[in-house]
Amino acid sequence: MSSASALRVPTAPAVPAPAREQALRPEVNQAHVRFIGLGKTYPGQAQPALQGIDLNIRRGEIFGIIGRSGAGKSSLLRTINRLEQPSQGRVLIDQVDIAPFDEDRLVALRRRIGMIFQHFNLMSAKTVWDNVELPLKVAGVAKAERQQKVRALLDLVGLADKHQVYPAQLSGGQKQRVGIARALVHDPEILLCDEATSALDPETTASILELLRDINQRLGLTVVLITHEMAVIRDICQRVVVLERGQVVEQGKVWQVFGSPQHAVTRTLLAPLQGKLPAALQGSLLPTASNRDAALVLKLVVFGEPQLSGLFADLGGQVSLLQGGVETIGEHALGRLIVSVRGSAHDTHGVLERARRWADDVEVLGYVD
Amino acid sequence: MWTERLLQGLWDTLLMVGVSSLVALLLGIPMAVLLVTSDKGGIYQAPLLNRVVGAFVNLFRSIPFLILMVALIPFTRLVVGTTYGVWAAVVPLTIAATPFFARIAEVSLREVDHGLIEAAQAMGCRRWHIVWHVLLPEALPGIVGGFTITVVALINSSAMAGAIGAGGLGDIAYRYGYQRFDSQVMLTVIAMLVVLVAVIQLGGDRLARGLNKR
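Chains as they are written, first to last, in the numbering used here: chain G, 1 to 369; chain H, 370 to 583.
Just so you know, the hints here were simulated from the structure itself, not pulled from any lab data.
Treat each hint with caution, since some may be false.
[To be verified] DEER-style ranges, computed between Cβ atoms:
#1 416(H) x 247(G): 28 to 36 Å
#2 219(G) x 579(H): 37 to 45 Å
#3 583(H) x 88(G): 34 to 42 Å
#4 37(G) x 476(H): 21 to 29 Å
[Stated by the list, open to error] Straight-line Cα separation of at most 16 Å, EDC-like style, residue types lysine to aspartate or glutamate; simulated pairs:
#5 126(G) x 145(G)
#6 582(H) x 360(G)
#7 253(G) x 130(G)
#8 126(G) x 482(H)
Computed from a predicted model, the values in this text were never measured in an experiment.
Glycine included, C-beta positions come from ideal geometry on N, C-alpha and C.
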């Protein structure tokens, strides 16, 4: 097989990354999946579905792609196993450009990449067992080995007793478990999840996410998932990229992006997770101080557990806690507080400076009388 | 004597319909697969081939059977060496039934969810794997239903073939029932045909239902 040309290691062009990602930028040789200047334009459409995507996905991480519907998430995910053909740029898997692959090499590549789907995409005419066995069968794996593999995987996903059942008789969560078992039969290095929990209820979603996390840790495989549910990203991803109109608008570690989203789109997407202001407060917020006694309302984000004594000492004046809580994202605690500071309207600048000493992200929400 | 004549007619009808529907099945499914997979967005996309096969199917579908039968006489003589009898009827019956069945099977194949094809590609299926393990099994209940319709349509056409000397129940009904005004023969043949069609329809429906796991 003349694989020399396809195996060439391409030279890496400089990847422009947002400033905050600079420090986190992985070594190039760590990248499991790498997008370089990726673009996709569908025939007959003026607006490209993807443009100028430069990303590295590291080996063994759970990587999330979020964005509004139509942002290009699905197209991006599908370039990894070439269900979608890029119009520009390259996709490298383990440093190998997959664009020139013929059918043989593409089939071999796809056996290294499992994929699960929003609507499960199980064969309705095949039993659970036959669905999971199919990828092995078409790969010409011997029967004894197939049986051993399918049994082990149905055990892993907790469906050993359902092997003779047809998909129509299963619940959504069970169908997705079959999908996961099927995606794992070739011991893939990468698992692509296309809105894998979007058709499931919250409880089932939690159990499927638990399973994905378990697989990621036990088998060490790289998971790339797309979703429009922010909670999914928060619960299992380590890093996240935000897409808007086919472009990357923000990327970074999940706890940082969720803690202090920089881009307006990210803020909008995250809004449902961030707790609303109490209605009464929302109604009385003013953009400027109406008098010297007005209180300044701040939103403070702290990476870690907030030390409140420090806050009160630093801010001075009359500090009231209006709302607050600590959530855990990955192994990181993230404190989010809304406070009002009275008696300092004349010195907003000073208050902000002191607040910034204490908090990692400070946002002025407004003033109340 | 009448019993014997009617049974012979039944046997001829079953033979004509059986052979031509079997050949239509064997030729129609590949034709349907070709029509679906060579279409735009299909796994063996080939627009020109698709258009040629599609036009060919439409051509034969648009010719009424009686005319097709007469027009095919030279071809029939070439294939089976005669233009008279059961085997001579099999040729035009098959040629009429194949495109008919191919179009019905095509509809069932098209109804297979594109997500399943995508899933098969993602799991490392080659294209012929997708045809064999995904498209055909998933469309099978619909194909069985379509085949039942084809067989019933063939019984219909075979009666017409009987009228130009192919034998079968249609021939008996025409010669004795129509030309000799023997209404008893006519009614008996009608009753036999009704039972035959009912049995085939019932069997086909049951099989299709059993195969459908959705």
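For each hint, the structure was consulted:
1. 416(H) x 247(G): 28 to 36 Å: holds (34 Å)
2. 219(G) x 579(H): 37 to 45 Å: 39 Å Cβ-Cβ, so the 37 to 45 Å window holds.
3. 583(H) x 88(G): 34 to 42 Å: Because 41 Å falls inside the window, the suggested range holds.
4. 37(G) x 476(H): 21 to 29 Å: Cβ of residue 37(G) to Cβ of residue 476(H): about 43 Å, so the range 21 to 29 Å is violated.
5. 126(G) x 145(G): violated (20 Å)
6. 582(H) x 360(G): violated (56 Å)
7. 253(G) x 130(G): violated (39 Å)
8. 126(G) x 482(H): holds (15 Å)
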